[in-house]
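There are 2 protein chains.
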Amino acid sequence: LDHEAGAAAAGAMDGKVKPLGSLGQLETLAARLAGIQATTEPHVEAPAVVICAGDHGITATGVSAYPQEVTALMLGGFAAGTAAVGVLAREAGIRLLVADLGVIQAPVIESGQNVVLDRRVRAGTANSLEGPAMTLAQAQQAVAHGVGLADLLIDDGADLIGLGEMGIGNTTAASALTASLLDRDPARVTGPGTGVTGEALTAKIAAVDAVLRRHGDLDDPWQILAAVGGLEIAALTGVVLRCAARRVPVLLDGFVATAAALVAWRIEPRSADAMIAATLSPEPGHAVQLEALGLEPVLRLGMRLGEGSGAALAVPILRSAAAVLRDMGSFADLGLADEKPTA
Amino acid sequence: LDHEAGAAAAGAMDGKVKPLGSLGQLETLAARLAGIQATTEPHVEAPAVVICAGDHGITATGVSAYPQEVTALMLGGFAAGTAAVGVLAREAGIRLLVADLGVIQAPVIESGQNVVLDRRVRAGTANSLEGPAMTLAQAQQAVAHGVGLADLLIDDGADLIGLGEMGIGNTTAASALTASLLDRDPARVTGPGTGVTGEALTAKIAAVDAVLRRHGDLDDPWQILAAVGGLEIAALTGVVLRCAARRVPVLLDGFVATAAALVAWRIEPRSADAMIAATLSPEPGHAVQLEALGLEPVLRLGMRLGEGSGAALAVPILRSAAAVLRDMGSFADLGLADEKPTA
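Protein sequences, first through last, are from chains A and B. Heads up, the first sequence is in the numbering used here, so the first residue is 1 and it goes up one at a time. Heads up, the second sequence is in the numbering used here, so the first residue is 1 and it goes up one at a time.
Treat the hints as calculated values from the structure; they're not laboratory data. Source: prediction; values computed, not measured. Hints are supplied without guarantee of correctness; some may be wrong.
Claimed, not checked - Partial list, derived from the structure: chain A residues whose beta carbon lies under 8 Å from chain B:
no. : residue
1   : Val17
2   : Gln25
3   : Gly77
4   : Leu88
For each residue, glycine too, the CB sits at the ideal point set by N, CA and C.
Extracted from the complex, chain A is given alone in its bound form (with noise of 0.2 Å):
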């Protein structure tokens, strides 16, 4: 984070024709974006959503109210542009990136829709329950294809990149994630996903309870990664480290894109700085992840869909916050620097 130009960037919003701090989370908003982007003229003008899918041998013991094969179907509603971020994204001006970091089976793209990234690194997880996810090698391929990913959008202009993801099970690897990385009880940080309910919800919280006494005191992220993590969320954990790496600001989504941000800010913890919150989920362990990365959330829509949708619907957001320090008069501009109240 470059806090000059943050500061800079702070101090120029104080001098807009508003009272001080009247457009309130906007503000804060715009200033990080200009530390972030080291520049006190932020811009959100090729922003990007990497959409990164992979299938989870945890569904085999009935984590999810849907099967398996719903991960790859989905990945055809990417490429054809119908599934809720494709909407989202086509209204906000945002490109969208998908690639398939390991579902069960390989999707089929018709021609005219959009292309799905091979990036396969292996059939769907493990299931955790019973042996690591994944190997350790795996996982680093599956960061750095998601680094990969990222050099390729920001190559090509992106100024900031939204976090998606697929993957039926995946909030059962985020939470087990999410109570490993930070040490807290299952139960804490383990809710409905898709939407599994009652009895369903009990037995989804001990399967993650039994993950972790399966895996043991895990300390190292990698490891953690490795051994209850998913192909697309290892992919994400790439995308964050090669933006924060390369300033580009990185927009986080729900609770599953969010663990991939902890995995990130275990490996790197400066990532953090280069981290923007979407959206506030109804999981219940999203709130534990943003408090453990210090993010306020952008929007608090009660949105839970994942797949980048809370990040496409922020982007707009985002784009008016640095608009509105590029674009907007100052009370210098009327010659009235000193009618500015202080309260």
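Keeping the supplied structure of chain A fixed, place chain B upon it in accordance with the hints.
Positioned in the frame of chain A, the structure of chain B alone reads:
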């Protein structure tokens, strides 16, 4: 509200390829747009924000951090497009319409700037501590101007109208209106406005209290509007009434705009059906108003600038809600009507 269209839209939303309810408030917003517009295909294709400005005699009592001349100065900023709302409206493709309902000095608009419509009723209100802010006839005339402004926009194709206002001293008038219309303690619904704190805030609360005692127990919303309201507030009341009558969603802004909506609701209770709350202001009376109207805000960013800035910032979210309902794929499209879980 067309409950049939609203229910049909909600049903269509449930059939989209996503877990039930997973888009949160975006889903209820889409259904509400459908209910207001009486169509299962709601649209936000030609949004507008109408800004009404007027001055307030009660500023003589020192209730604001700014001098009264700032109202006309800000009208210049709206004309030039350099005010916050101008920037936000440009970013979101929103038409801005600005009307002078009675600032002390009519603004001088340079050529090449946006026009400010002359809808002057009188040069500012009288000090409501000393007598009625305006006559009943003047309040009616200002409301009629608002009706005309809404007609102008709707006849020109506007399919959603946001409320904006400018008037130094108008949070004091809004507090008096809110306390009177909802029978609340002035201390509960009077806040910093542009930034008065400490003793100055105590004095502002005392002024609102004195205004209410000065005018006795009024119950008729027209009488209350004339006694303690404002010219720009009255005009926005007219905008709300006309939007509701013509089935055009009306997007509230902050505390002052919502005071105008309260007056409209007291005149015609069904007008609340056409309202959508854009933001939650930290101004303490705003939550009280929204609760009375039964509205949940779209944004919770701590914005308290007014001038339509919150409404403008919420427009992309409403546009997205309509787009999801229109463009997102359904389980039926995939031949998967039976796979939708009921959780």
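We went through each hint and held it up to the structure:
1. For Val17(A), the interface hint holds, the least distance from its beta-carbon to any beta-carbon of chain B being 6 Å, beneath 8 Å.
2. Annotation: Gln25(A) was flagged as interfacial toward chain B, and the flag holds, the nearest CB pair being 4 Å apart, inside 8 Å.
3. For the restraint placing Gly77(A) at the interface with chain B, the shortest Cβ-Cβ distance is roughly 6 Å, inside the 8 Å limit, so the hint holds.
4. The criterion of a C-beta within 8 Å of any C-beta in chain B is met by Leu88(A), whose closest approach is roughly 5 Å, and the hint holds.
Violation of the numbered hints given earlier is absent; every hint is satisfied by the structure.
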